[in-house]
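Undergrad: Listed here are the chains, written in short residue letters.
There are 2 protein chains.
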Amino acid sequence: MAKEKKLVEAITSMEEDFAKWYTDVVKKAELMEYSSAKGFMIFKPLGFAIWENIKDRLDKRFKKTGVENVYMPLIIPESLLQKEKDHVEGFAPEVAWITHGGEEPLEERFCVRPTSETVFCDFYSNDIQSYRDLPRLYNQWCSVVRWEKTTRPFLRSREFLWQEGHTAHATAKEAIERTELMHEVYAEFLEEDLAIPVIRGMKTEKERFAGAESTYTIEALMKDGKALQSATSHYFGDGFARAYDIKYTDKNNELQYVHQTSWGLSTRTIGALIMVHGDDSGLVLPPKIAPTQVMVIPIRNDDNILEAAKALADSMGETCRVKTDLSDKRPGWKYSEQEMRGIPLRAELGPRDLEEGKCVLVRRDTREKIPVSLDEAPAKAAELLEDIQKSLYDKAKAYLDAHISEAKDYDTFCANVEEKPGFIKAMWCGNQECEDKIKEDTTATSRCIPFGQEPISDVCVCCGKPAKKLVYWGKAY
Amino acid sequence: MAKEKKLVEAITSMEEDFAKWYTDVVKKAELMEYSSAKGFMIFKPLGFAIWENIKDRLDKRFKKTGVENVYMPLIIPESLLQKEKDHVEGFAPEVAWITHGGEEPLEERFCVRPTSETVFCDFYSNDIQSYRDLPRLYNQWCSVVRWEKTTRPFLRSREFLWQEGHTAHATAKEAIERTELMHEVYAEFLEEDLAIPVIRGMKTEKERFAGAESTYTIEALMKDGKALQSATSHYFGDGFARAYDIKYTDKNNELQYVHQTSWGLSTRTIGALIMVHGDDSGLVLPPKIAPTQVMVIPIRNDDNILEAAKALADSMGETCRVKTDLSDKRPGWKYSEQEMRGIPLRAELGPRDLEEGKCVLVRRDTREKIPVSLDEAPAKAAELLEDIQKSLYDKAKAYLDAHISEAKDYDTFCANVEEKPGFIKAMWCGNQECEDKIKEDTTATSRCIPFGQEPISDVCVCCGKPAKKLVYWGKAY
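The listed protein sequences derive, respectively, from chains C and P.
Position one of the first sequence corresponds to residue 664 (this note's numbering), numbered consecutively onward.
Position one of the second sequence corresponds to residue 664 (this note's numbering), numbered consecutively onward.
Okay, chain C solo, but in the shape it has when bound (with noise of 0.2 Å):
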C-alpha cells in the first residue's frame, strides 16, 4: 500500500501549516503552476475548468439581469488613466508599462489594464448621448495584471481572471440600485453555488475601491480563520462621469452627468473554494461548480468490470457530469487522486459489486459508503450531489457562525484577534485614525460595515469615543 498513500502523505496537514497545506492543494490536486514569468501563474486544466463554471453559472444571472457582455482594450493611454485623480493614484503604482510597439518606441506611454474603469468611461463619453442610451449594462470577462510584489496562487498574482462590470445610469437611485442588485447577485452565487457562506456589507473610506463613493463587499471565512474579500460592487456618483465627461441629454432637453457602477470576482474565489472547503486529503467541490461530480472507479482491470464501469458511467451522464478512470493504476491511487481532485462522489465497482448487480457510492464529504444497485445509481447519485452541495454549506456556515466574536473593548479585542480567529464585531467611531491602530497593534483590518446595524456598545472599541458603526475586523488575505 505504500505507493497509494504516497499522494496522500505529501501533503502537510491544515493543523501543522496551513499556508504550505493551501499550497500542497493547489500543487497536487493540479490547479495551477507558477511560470517562468514571476509572481504569473498558469491554469492547469482542472484549475481553468473550475473557473469556466464559476463563469458560465455567474455569467447567466448577470444576464437574466439585463448585462451584456462586451470587450474592451487591454491596455490604457497613459493619459487616459490620469483624468480621475483618485484613481491614478490607487492604482498607478503597480502597472505594467509598454514602451515599445516593436522596435519603436511610442510617442504616449500604454498600461496594461489593471481595471478598466478609465476604458469604459472613455467609450460611454462617446456612446452615451441620450435618456434612451440609459441605462448600460455592460461586463466584461478578461484578464488584469497589477505589478504585486509578493503572491500567492490565486490569492494574489500579477496577472488574474476577473469579470468586471461597469454601468451607467440616469440616476444616483439607479445606480445605487444596481451596486446594490450586484452585490446581492454575488452573495447569492457564492452562497448557492459555490456553497460559501458570506458576511454583506460596506467597506470603510479607507478600505473603499479607489475614486468610488461606496463599496459593498462579501466576506468570506476561511478555515484558518482568516477572511476572505471575495467579490466588490463599487458606487460612483457622478464622480467619473465629471473627470470623463459622461453626459445625456434628459428627457427635459438638459445636459446631466450620468451616475456609474462597477464590480468584480476573480479567481481568488477558487482560493476561497479551497480554503472554505478542502481537508487533508485535499480539494473538496460543491457539485454544482465541480467540473467532475463522480468518478466511476473499476476495482479491478478485468473486461467484464471494464465494461460495467463503462454502461454505469454512461447512465449516470444522464444525471451528472461522470467520467471513469480506465487508467492501470491501483485502486487505492485512483481514490486518493479523485480525493485529492475533490470529486464530490465516487462510484467503485468491483468483481463481487458486479456479480451482486450494485457499486457502492462514497461521498467525497463524509467518506460515508452507500451501496446501491446499478438500476438505481444515477438517480441515487443525482440526490447525492444535491445533498453533499446542501451539506457543505451548511458546515460552512456552521464554522462561520462559530467563529464571530464579539469585543465591546480593546483588551478583549486584542485577545481575540490571537485567540479567537475569525470575525470579531465591535464598535467604531468613524475616524480612520482607530482603524490604523488596530491594524498596526493586530494586523486585523475592517471588514465591512454589515446592513443590520445592532450595536454592541456605545464606544468605539478602540479609542472609546462615542461609536458610530457596528464594524466586522478581522485578518485577511
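The hints are simulated quantities; they were obtained by calculation from the structure and are not laboratory data.
Incorrect hints may appear among the rest.
Same chains, same names: a pair is fine if it fits in one copy or spans any two.
Unchecked claim - Within a straight-line C-alpha distance of at most 25 Å, the following computed SDA-like cross-link-like pairs (lysine to any residue) qualify:
1) Lys746 to Arg815
2) Lys1138 to Ile1067
3) Lys986 to Asp719
4) Lys951 to Asn716
5) Lys812 to Glu767
6) Lys869 to Gly765
7) Lys723 to Lys951
8) Lys1100 to Lys1131
9) Lys986 to Leu800
10) Lys1053 to Phe725
Bear in mind that the values here come from a model prediction, so they are computed numbers and not experimental data.
For this one, chain C is given, so just place chain P on it according to the hints.
TA: Using the frame of chain C, we list chain P on its own:
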C-alpha cells in the same frame, strides 16, 4: 417614410465601395467601435455575442476530440521568446514591450503575447516527463497583441481575440494526425455553423507560420472576390521541442523529443461572416450563430398587440432564441434595425393579424413573407431557421464555385486577377521566386495547395518550368 429609410440609406452599397460598405455595416450594426488606443477595438454587445456563440460551439467541437482548456500568462520574458530562431524573427518586429512594473524599470523586458508557442513550450518542458503524460491537448481562449501598422475592424487590429491550441505528442505521426484533425474541425465548423464554404489545403513554405514544418489552412471567399485565411493548423515536428528541451521517457526508458502542433481561429471570422453573407441592408447572420434568431415586432403599440407579441415570443422561446422589440419606434424603423443587425427572421404582428390569429414571418435572407397561425409559428420558425442556415451555405457555395477560374499561362493568370475576382487555379514549380513575382505583378498570393491534386498542365504558370503542384491563388485580406 423618410425616417425609416434613413438607416438603410446611410450604408454605402457593396457595389459602390465594398470597403466602405464593410465598415458601415460594422458601425451601423453596432458590432465594434474604435478606442482611444490607436488600432485597438471595442467589441460592442452584438459583436461580442457573436464571438461568444462562435466560442461556445467551437469549444464543444474541441472538447469532443479530447482538448482541455488552460490559461497561460499574458506576458513573455524576452529570453523565452528568443529560443526558437525562426519564431522570434517572425514575431519580434510586431510585439509590444513592457519595460516597467509600477515605477521601477524591469531587469528583463517582457512582451505581451503575440501567440503563445513559447509559453506552452516552457510549461511543457517541465510538465511532460513520461510517455504517460502524452498527448497533451491544451487550448486557451485569450487575446493577443501584434503591433500592426494598418488596421481594419475584425480583420487586422493590434489586439484580437482568438483561441490557440498547443499539443504535444509522442510521435510525428500522432502530431500530424492531430494537425489534420483540427484542420478538419475548423472546416466543418465554418461550413456547418457559419455556413461558410472553404477551400482546404496547405500553405507554401513562404506563407507558413514562423517555426512550422507545415501549415494547414482553410480559405474562404468574400463577396468582393478576395480570400480570407480563416483558421490555420501548424505541425512543428520536434523543432520547438529541441529549442525548449521538451523530452519524455518512452516505454523503453529512452529520452525522446515530443512532436508538437498549434492551431488557431480568431475574431477575423466575424469579418468573414459579414463579407460572405452580408448585403446592402446590413448583416446577415446564419441562424446557428445568431445571438437573436427571431425578432417579434408589434406593428402597433396597443396593449393587446404588445401582449400578443410577448405571448408569441414566449411560445417561440421554446424552439429558438427570440426577442421582442417593444420600443416606441415606427415599424419600418424596427424592420431596418432587425435587418441591419442580421437577425435571421422577424415576426410581424399587427391588428389585423391578431384578429385572424396569425403573424407574418419574414426571412432576412430572401425577404420572403410567410403568414402563419400563431399556434404554428414556433414550429414554422424553427423550420425556417434550418432552411435559412442551409440556403446561406448553398448560396455562398454557389458563389465560391462560380469564382474559381483556371490559368495555364501567365497572361491569362494576370488577366484573371483583374477580371475574374476569386480563386485562380494554376500550376506552380515550387520556387519562391515565382510566388514573389506573381505577388509583385498582380498582388495575388498563393492561398493554398489543395489536397486533391488535379494538375491542369505540366508547367509553372509563371516561369514555364516543370510544375510540381496545383495551387489556389488570389488576392487576400
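Undergrad: Each hint needs a verdict: does it hold in this structure or not?
TA: Going down the list of hints, with the structure as the test:
no.	hint	in the structure
1	Lys746 to Arg815	neither (32 Å within a copy, 28 Å between copies)
2	Lys1138 to Ile1067	within (12 Å within a copy, 70 Å between copies)
3	Lys986 to Asp719	both (20 Å within a copy, 21 Å between copies)
4	Lys951 to Asn716	both (8 Å within a copy, 23 Å between copies)
5	Lys812 to Glu767	between (29 Å within a copy, 12 Å between copies)
6	Lys869 to Gly765	between (41 Å within a copy, 22 Å between copies)
7	Lys723 to Lys951	both (14 Å within a copy, 20 Å between copies)
8	Lys1100 to Lys1131	within (17 Å within a copy, 81 Å between copies)
9	Lys986 to Leu800	between (38 Å within a copy, 18 Å between copies)
10	Lys1053 to Phe725	within (23 Å within a copy, 33 Å between copies)
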